[in-house]
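Single-letter residue listing:
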Amino acid sequence: QKEVEQNSGPLSVPEGAIASLNCTYSDRVSQSFFWYRQYSGKSPELIMSIYSNGDKEDGRFTAQLNKASQYVSLLIRDSQPSDSATYLCAVEKDSSYKLIFGSGTRLLVRP
Amino acid sequence: DTGVSQDPRHKITKRGQNVTFRCDPISEHNRLYWYRQTLGQGPEFLTYFQNEAQLEKSRLLSDRFSAERPKGSFSTLEIQRTEQGDSAMYLCASSLTLGADNEQFFGPGTRLTVL
Numbered sequence: 001q002k003e004v005e006q007n008s009g010p011l012s013v014p015e016g017a018i019a020s021l022n023c024t025y026s027d028r029v030s031q032s033f034f035w036y037r038q039y040s041g042k043s044p045e046l047i048m049s050i051y052s053n054g055d056k057e058d059g060r061f062t063a064q065l066n067k068a069s070q071y072v073s074l075l076i077r078d079s080q081p082s083d084s085a086t087y088l089c090a091v092e093k094d095s096s097y098k099l100i101f102g103s104g105t106r107l108l109v110r111p
Numbered sequence: 112d113t114g115v116s117q118d119p120r121h122k123i124t125k126r127g128q129n130v131t132f133r134c135d136p137i138s139e140h141n142r143l144y145w146y147r148q149t150l151g152q153g154p155e156f157l158t159y160f161q162n163e164a165q166l167e168k169s170r171l172l173s174d175r176f177s178a179e180r181p182k183g184s185f186s187t188l189e190i191q192r193t194e195q196g197d198s199a200m201y202l203c204a205s206s207l208t209l210g211a212d213n214e215q216f217f218g219p220g221t222r223l224t225v226l
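Those sequence lines, one after another, are chains A and B. Residue 71 in the working numbering sits at position 71 of the first sequence, and the numbers go up by one each step. Residue 171 in the working numbering sits at position 60 of the second sequence, and the numbers go up by one each step.
It is worth saying that the hints were derived from the structure and are not from the lab. Even for Gly, the Cβ is constructed at its ideal location relative to N, Cα and C. Hints are supplied without guarantee of correctness; some may be wrong.
[Said to hold, decoys possible] If you want a taste of the chain A side facing chain B, the calculated C-beta under 8 Å gives, among others:
{"no.": "1", "residue": "Pro-14"}
{"no.": "2", "residue": "Gly-16"}
{"no.": "3", "residue": "Ala-17"}
{"no.": "4", "residue": "Thr-24"}
{"no.": "5", "residue": "Arg-28"}
{"no.": "6", "residue": "Ser-43"}
{"no.": "7", "residue": "Leu-46"}
{"no.": "8", "residue": "Asp-78"}
{"no.": "9", "residue": "Gln-80"}
{"no.": "10", "residue": "Ser-82"}
{"no.": "11", "residue": "Leu-88"}
{"no.": "12", "residue": "Leu-99"}
{"no.": "13", "residue": "Phe-101"}
[Stated by the list, open to error] Here are the computed lysine-lysine pairs in the DSS-like style, where the Cα-Cα straight-line distance is at most 27 Å:
{"no.": "14", "chain 1": "A", "residue 1": "Lys-93", "chain 2": "A", "residue 2": "Lys-56"}
{"no.": "15", "chain 1": "B", "residue 1": "Lys-168", "chain 2": "A", "residue 2": "Lys-2"}
{"no.": "16", "chain 1": "B", "residue 1": "Lys-168", "chain 2": "A", "residue 2": "Lys-93"}
{"no.": "17", "chain 1": "A", "residue 1": "Lys-42", "chain 2": "B", "residue 2": "Lys-168"}
[Said to hold, decoys possible] Per label pair, the in silico range of CB-to-CB distance:
{"no.": "18", "chain 1": "A", "residue 1": "Ile-18", "chain 2": "B", "residue 2": "Thr-224", "range": "35 to 41 Å"}
{"no.": "19", "chain 1": "B", "residue 1": "Gly-127", "chain 2": "A", "residue 2": "Asn-7", "range": "38 to 44 Å"}
{"no.": "20", "chain 1": "B", "residue 1": "Ser-173", "chain 2": "A", "residue 2": "Ser-69", "range": "23 to 29 Å"}
{"no.": "21", "chain 1": "A", "residue 1": "Ser-8", "chain 2": "B", "residue 2": "Glu-189", "range": "48 to 54 Å"}
{"no.": "22", "chain 1": "B", "residue 1": "Gly-196", "chain 2": "A", "residue 2": "Glu-3", "range": "18 to 24 Å"}
{"no.": "23", "chain 1": "A", "residue 1": "Ser-12", "chain 2": "B", "residue 2": "Lys-168", "range": "28 to 34 Å"}
With the sequences and hints as input, model every part of the structure.
In structure tokens:
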């Protein structure tokens with residue numbers, strides 16, 4: 001079992017729709033969770049961090065965390081073609097400061 | 112621009128050669144991380160520094176790899192006797208430790224191709 005699992009996609013949504021990206025993790029003691037966006041050929045860009053159960057909103061992005069289910073998600077409202085990228089979920093391992101990444105979900109937003 | 116910078120952005124080398132990459136973190140950040148990313152995968156942790164101290168190394172980091180962060184500022188990652196399997200994007204990230212916050216910001220990466 002991978003430590004951080006994501007559906008590779010691609011997830012295809014029409015412009016203006018809500019895109020829902022999901023991630024599960026195996027380490028129950030993890031406390032810090034991050035979503036990164038990565039365009040092809042570029043480096044990861046931090047979108048959101050979340051540390052507590054529940055929702056955290058930042059503009060069109062909402063991160064959701066459920067530690068009991070070991071599940072973290074990212075919702076993108078009013079999706080735009082410019083949101084087309086790979087979204088990486090990252091979990092801080094054992095409060096060790098190192099991040100464990102999933103393989104990413106590729107999102108395609110159709111105009 | 113005060114983001115993380117990396118140099119060079121691209122490196123092509125022949126198998127068996129040594130290469131060295133440089134990373135300059137965001138100026139006030141005390142932690143610096145190296146990751147490696149291959150096509151279709153997420154970044155994999157290699158090592159990290161708090162100030163000038165190297166606190167953890169992944170088992171992915173063979174004896175051919177060495178990293179330094181003299182004076183707690185920039186860092187270098189050296190790969191000796193490169194192999195074709197070393198071809199990857201090498202990413203540097205930095206963070207400022209404040210409580211539980213560990214937001215890491217990545218540089219543009221150095222893409223290594225070993226022929």
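Hint-by-hint comparison with the structure:
{"no.": "1", "hint": "Pro-14", "verdict": "violated, 26 Å"}
{"no.": "2", "hint": "Gly-16", "verdict": "violated, 29 Å"}
{"no.": "3", "hint": "Ala-17", "verdict": "violated, 25 Å"}
{"no.": "4", "hint": "Thr-24", "verdict": "violated, 14 Å"}
{"no.": "5", "hint": "Arg-28", "verdict": "violated, 17 Å"}
{"no.": "6", "hint": "Ser-43", "verdict": "holds, 4 Å"}
{"no.": "7", "hint": "Leu-46", "verdict": "holds, 6 Å"}
{"no.": "8", "hint": "Asp-78", "verdict": "violated, 25 Å"}
{"no.": "9", "hint": "Gln-80", "verdict": "violated, 23 Å"}
{"no.": "10", "hint": "Ser-82", "verdict": "violated, 19 Å"}
{"no.": "11", "hint": "Leu-88", "verdict": "holds, 5 Å"}
{"no.": "12", "hint": "Leu-99", "verdict": "holds, 6 Å"}
{"no.": "13", "hint": "Phe-101", "verdict": "holds, 3 Å"}
{"no.": "14", "hint": "A:Lys-93 - A:Lys-56", "verdict": "holds, 21 Å"}
{"no.": "15", "hint": "B:Lys-168 - A:Lys-2", "verdict": "holds, 20 Å"}
{"no.": "16", "hint": "B:Lys-168 - A:Lys-93", "verdict": "holds, 14 Å"}
{"no.": "17", "hint": "A:Lys-42 - B:Lys-168", "verdict": "holds, 25 Å"}
{"no.": "18", "hint": "A:Ile-18 - B:Thr-224: 35 to 41 Å", "verdict": "holds, 39 Å"}
{"no.": "19", "hint": "B:Gly-127 - A:Asn-7: 38 to 44 Å", "verdict": "holds, 40 Å"}
{"no.": "20", "hint": "B:Ser-173 - A:Ser-69: 23 to 29 Å", "verdict": "violated, 37 Å"}
{"no.": "21", "hint": "A:Ser-8 - B:Glu-189: 48 to 54 Å", "verdict": "violated, 33 Å"}
{"no.": "22", "hint": "B:Gly-196 - A:Glu-3: 18 to 24 Å", "verdict": "holds, 22 Å"}
{"no.": "23", "hint": "A:Ser-12 - B:Lys-168: 28 to 34 Å", "verdict": "violated, 40 Å"}
In terms of the numbered hints stated before, the structure departs from hints 1, 2, 3, 4, 5, 8, 9, 10, 20, 21, 23, listed from lowest to highest.
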